[in-house]
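With the hints as extra help, turn the sequences into a complete structure.
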Amino acid sequence: MAFAQEQSFIQIGIKGGSSLNKLNTELADLDDKYALGLHVGGMARLNFGRAYVQGEALFSKRKAALKPQGQTESKLKWNAIDIPVMIGYKIVQQQDMNLRVFGGAVYSYTLNDNLSPLKALKEGIRHFDKSNLQFTGGLGVDINRFSIDLRYERGFSDLSKSFKSKPQAFSIGVGYFIF
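For the sequence shown, the UniProt record's numbering begins at 1 and goes up steadily by one.
No wet-lab data here; the hints were simulated from the structure.
Predicted, not measured: the structure shown is a model, and the values here were computed from it.
A couple of the hints might just be wrong.
[Unchecked claim] DEER-style ranges, computed between Cβ atoms:
hint, residue 1, residue 2, range
1, V141, L20, 14 to 22 Å
2, D96, Y34, 32 to 40 Å
3, D31, D96, 20 to 28 Å
4, L36, V92, 27 to 35 Å
5, S157, G16, 20 to 28 Å
[Stated by the list, open to error] Below 25 Å or equal to it, Euclidean Cα-Cα: the simulated DSS-like pairs (lysine-lysine) are:
hint, residue 1, residue 2
6, K75, K61
7, K166, K61
8, K130, K61
9, K67, K77
10, K75, K63
11, K33, K130
12, K61, K33
13, K130, K15
14, K15, K67
15, K130, K77
All C-beta atoms in this analysis are idealised placements derived from N, C-alpha and C, irrespective of residue type, glycine included.
This is the structure we're talking about:
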């Protein structure tokens, strides 16, 4: 039985996925590299013909790799609650398949951080800001009740007042609309 997506005004589901996270720094003696993270949570979509609004509540485990010159690479780890709100458009809309583009904002709240690997860059990251606002955009496909998103995120603000570094991530997520 086909899932008539265009006939459902509201869709609610679950999702999970992985991300490549990086902290872009302006320090010449510090190499920042991508590290693998993951996310799980729920999603709700309001459909308005080809347009839609989608909100999500995600628990994210993030990592970023940093390597000071002459030292070994180390990973910063933190957990966060992410609340993306996106507006999208279905470029292709069929009975059981949609191809979508979307963009929006993500509010991220850090639950805890583990910055001990480099002693927080010699205590350079003294005030790891708990709240961060990011923009997001990407492409997605819906097949029946399944949803797959490829997404890019970039922070509007630095993660710390004492350390200039905007978070950046590429992610893939797979979801399933329960109804």
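25 Å Cα cutoff - pair K130, K77: Holds, because 14 Å separates the two Cα atoms, which is no more than 25 Å.
Using the C-beta atoms of V141 and L20, is the stated range 14 to 22 Å upheld? Holds, since V141 and L20 (Cβ atoms, about 20 Å apart) stay within the stated range.
Hey, K166 versus K61, does the alpha-carbon distance stay inside 25 Å? holds, 17 Å
Hint check: K75 vs K61, CA-CA at most 25 Å. Holds or violated? holds, 12 Å
K130 and K15: Cα distance at most 25 Å? holds, 24 Å
Taking the Cβ atom of S157 and the Cβ atom of G16, is their distance within the range 20 to 28 Å? holds, 27 Å
Does the alpha-carbon distance linking K130 and K61 stay inside the 25 Å limit? At roughly 14 Å apart (the allowed maximum being 25 Å), K61 and K130 satisfy the hint.
25 Å Cα cutoff - pair K75, K63: holds, 6 Å
Straight-line Cα separation of K61 and K33 no greater than 25 Å? Since the Cα atoms of K61 and K33 sit roughly 16 Å apart, the hinted pair holds (cutoff 25 Å).
Is the hinted pair K33 and K130 satisfied, with a Cα-Cα distance of at most 25 Å? holds, 22 Å
Supplied distance hint 27 to 35 Å, evaluated on CB atoms of L36 and V92: holds, 31 Å
Given pair status - K67, K15, alpha carbons within 25 Å: violated, 32 Å
The structure does not agree with the numbered hints 3 and 14 stated previously, though it agrees with the rest.
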